[in-house]
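Trainee: Residues per chain are reported as follows:
Number of protein chains: 2
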Amino acid sequence: MAQKTALIVFAHQSPASFNAAVLDVSVQELTQQGYRVIVSDLYATNFRANATRDDIIGDLRNPDLFQYGEETMWAWKERRLSSDIMEEQRKVEEAELVIFQFPLYWFSVPAVMKGWMDRVLTQGFAFSLEKMYNNGIFKDKKAMLSFTTGATQTMFQADGINGDINVTLWPLQNGTLHFCGFQVLAPQIFWSPAHCPAAGRAAMLEAWRARLKGLQEEKPLTFAPCELFDLSFAGGFLLRPEVKKEKELQPFGITTGHHLGKPLPPDNQTRASQDQEPGCSSNL
Amino acid sequence: MAQKTALIVFAHQSPASFNAAVLDVSVQELTQQGYRVIVSDLYATNFRANATRDDIIGDLRNPDLFQYGEETMWAWKERRLSSDIMEEQRKVEEAELVIFQFPLYWFSVPAVMKGWMDRVLTQGFAFSLEKMYNNGIFKDKKAMLSFTTGATQTMFQADGINGDINVTLWPLQNGTLHFCGFQVLAPQIFWSPAHCPAAGRAAMLEAWRARLKGLQEEKPLTFAPCELFDLSFAGGFLLRPEVKKEKELQPFGITTGHHLGKPLPPDNQTRASQDQEPGCSSNL
Chain A
1 MAQKTALIVF AHQSPASFNA AVLDVSVQEL TQQGYRVIVS DLYATNFRAN
51 ATRDDIIGDL RNPDLFQYGE ETMWAWKERR LSSDIMEEQR KVEEAELVIF
101 QFPLYWFSVP AVMKGWMDRV LTQGFAFSLE KMYNNGIFKD KKAMLSFTTG
151 ATQTMFQADG INGDINVTLW PLQNGTLHFC GFQVLAPQIF WSPAHCPAAG
201 RAAMLEAWRA RLKGLQEEKP LTFAPCELFD LSFAGGFLLR PEVKKEKELQ
251 PFGITTGHHL GKPLPPDNQT RASQDQEPGC SSNL
Chain B
1 MAQKTALIVF AHQSPASFNA AVLDVSVQEL TQQGYRVIVS DLYATNFRAN
51 ATRDDIIGDL RNPDLFQYGE ETMWAWKERR LSSDIMEEQR KVEEAELVIF
101 QFPLYWFSVP AVMKGWMDRV LTQGFAFSLE KMYNNGIFKD KKAMLSFTTG
151 ATQTMFQADG INGDINVTLW PLQNGTLHFC GFQVLAPQIF WSPAHCPAAG
201 RAAMLEAWRA RLKGLQEEKP LTFAPCELFD LSFAGGFLLR PEVKKEKELQ
251 PFGITTGHHL GKPLPPDNQT RASQDQEPGC SSNL
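Just so you know, the sequences run in chain order A and B. Under the working numbering, read the first sequence as residues 1 to 284, first letter to last. Under the working numbering, read the second sequence as residues 1 to 284, first letter to last.
It is worth saying that the hints were derived from the structure and are not from the lab. Ideal Cβ positions, reconstructed from N, Cα and C, are used throughout, including at glycine. Just so you know, not all the hints are guaranteed correct.
[Unchecked claim] Listed below are several chain A residues computed to face chain B (Cβ distance under 10 Å; list not exhaustive):
# : residue
1 : P187
2 : Q188
3 : I189
4 : L205
5 : R209
6 : A210
7 : Q216
[To be verified] Computed list of chain B residues with no C-beta within reach of chain A, every gap over 10 Å:
#  : residue
8  : I38
9  : E87
10 : R119
11 : K141
12 : L205
13 : L215
14 : K262
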């Protein structure tokens, strides 16, 4: 059996940080499990975040109106993307598991990591109009957000000052990772390590190590499979009428975003559903 | 009366783009209304997105463990932030109105604009532990997202393939803009202009111009005021028990994020509530 590969996309400036300590645990533990572990250290390599014309080698299709999405789609097809993007794309292709390790900045990833998403996940490589969500290009890969917060856990509850963390994670987990097909594992959230005594931080690292040991058996989060929708412009990419009727009888919405005017399914973006078959995020 | 100032933070690579056409309308119309309009053209100025040690002039407080939030807080106090950050902060200080103009990338702002948020909105300048949300530093300023999408409007409904746009906008509008105190005006969403005939795009621009004429009278979106919460570590930054009890009798949650296990208040992040007094986003 071929060796498995894990990619960790890492965004912290300091090797002395808690994020770096988490990274170390991940590398150790995954290596011990037989993974080849690749780390993309975005700050150390000064990864460019800005999506610009320089990402395309050679002429543009339409130099009069630069459209980044279009131009990078063609450049991907013709292998004319800049070398830093091509290198990251090769890593993603080789990986069965991609972990994003970062401190939460403004309810999201730091700009350098947003730049990785904007530039690496080009049309054609990471998605197409036919291949998205549970039919997406990376549907045989797993991805996961692992991040530290400044806020405490209760601040990110539905009755906490910042509101429900499940809502905050939707654009990243549904809109980015699952959009490209990734099976998304529950996020690993390190709540406010900076305000924790050293023993607390050490316990967090050990809990992470323990989780990593069982990671391969984890079920992914639940999203809404494409088959529920009429994926045509005529049908508006909306839920099929018979599905909508059936779902409207349920006490909860389908997902955090597909709530249908009902209460959100609890912990939809933070915990894998217990009552589904392994890996069947597409069998709602 | 002193002249009013508007700041437009702009993130598109091409002056021939629809985003640039929207920017032109904004500049024209706001100028006509007597605003001094400042444009921060992030790509044209090659604005740095990455949050690094270079953002601090002189020595670090803790060179052994670089913590960006801490170091920039001190550097702001001591006027030792890099000149590009200080310049943007001056613009924000002068502006009564800040408009973010961009194409939606991965359910969020492009990395270069995320970098603007990460680097410019430093602790001390944009928020403090005492001053946030409706008590935030920029509570007398208005802010607004104005963006184009690739997706159609129905794709971003709660029963559409991408889920509810109100959920997608939460981290930006609540977690970033309102966190700093901004009164957030309803977003201006240009749905899929690239797939629209020229006449459709022209109509979108005219609708935008018409909206701008009435912008000063618009009510902001509704968020959860700090006064509803026990803002102490002992109280967990959670809703006060008596508030929670009262809100649980209501048919809807308070906001998209503060849903309390109830259906989300419809259009909470896309439309100003009609039944509130002008400007009273803090009087739920």
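Trainee: Hints broken by the structure, by number, lowest first?
Mentor: Structure breaks hints 1, 2, 3, 4, 5, 6, 7, 10 and 14.
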